[in-house]
Amino acid sequence: MINNTIIYLIGFAGTGKLTIAKEIIAQTNMKLVSNHLSNNPVLSLIHADGKTPLPSEVWKNIAIIRDVVFDTITNISPADYSFIFTNELIEGNETDMLIYRKVENVAAKRGSKYLPVRLICEVDELCKRVISDERKINHKMIDADAVRQQFIKSKVLTPEHQNTLTLDVTHLTAKQASDIILKKLNEL
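Residue numbers 96 to 283, in my numbering, belong to the letters of the sequence shown in order.
Possibly wrong hints are sitting among the right ones.
To be verified - Derived Cβ-Cβ restraints for the label pairs, each shown as a range:
(1) 268 / 159: 32 to 42 Å
(2) 150 / 282: 26 to 36 Å
(3) 249 / 132: 16 to 26 Å
(4) 244 / 98: 35 to 45 Å
(5) 96 / 226: 33 to 43 Å
(6) 248 / 175: 37 to 47 Å
Hints were generated in silico from the structure; no laboratory data involved. For each residue, glycine too, the CB sits at the ideal point set by N, CA and C.
Turn these sequences into a full structure, and let the hints steer you where they fit.
Next comes the structure, spelled out in structure tokens:
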């Protein structure tokens, strides 16, 4: 049983954040805090097909929901609960860095063991992975060309935290990735 721990899976669309998180949850008692927990209540009410650019106003409403989730985890959730967060965060993006810091602050306020995990993957594999009906149903990015362009123009946020793990998941199954992450967690 894992007590009072936060794992934060950070990576581009298609790296398998949610799939890996579900694998970790299957082996532990952790609670999932996917970025889509905050995104989908808003995205389900607008035209969000995974390809069409979203109106910029949606992010303000998503931020409100995310802050409520963070406040609940910090101030209401039992102290022994553990959480696994997922999100796509980009290096050099101020909003993404703010979101990252908020999760880091949640961990600090709870006194949680904290493991940020930077998931990376080769671009051709990302492009294969983003094209799926399940991703479309869940309001996720499904545009392989947009994923390729993002890969070329940016990189996944690298958390400046002593526990940060960078994991290349190009040739790993979700089970293999989860085993590596849990091994690292046990070493902390």
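Now for the hints, and whether the structure bears them out:
1. 268 / 159: 32 to 42 Å: holds (36 Å)
2. 150 / 282: 26 to 36 Å: Cβ of residue 150 to Cβ of residue 282: about 44 Å, so the range 26 to 36 Å is violated.
3. 249 / 132: 16 to 26 Å: holds (24 Å)
4. 244 / 98: 35 to 45 Å: holds (42 Å)
5. 96 / 226: 33 to 43 Å: holds (38 Å)
6. 248 / 175: 37 to 47 Å: holds (42 Å)
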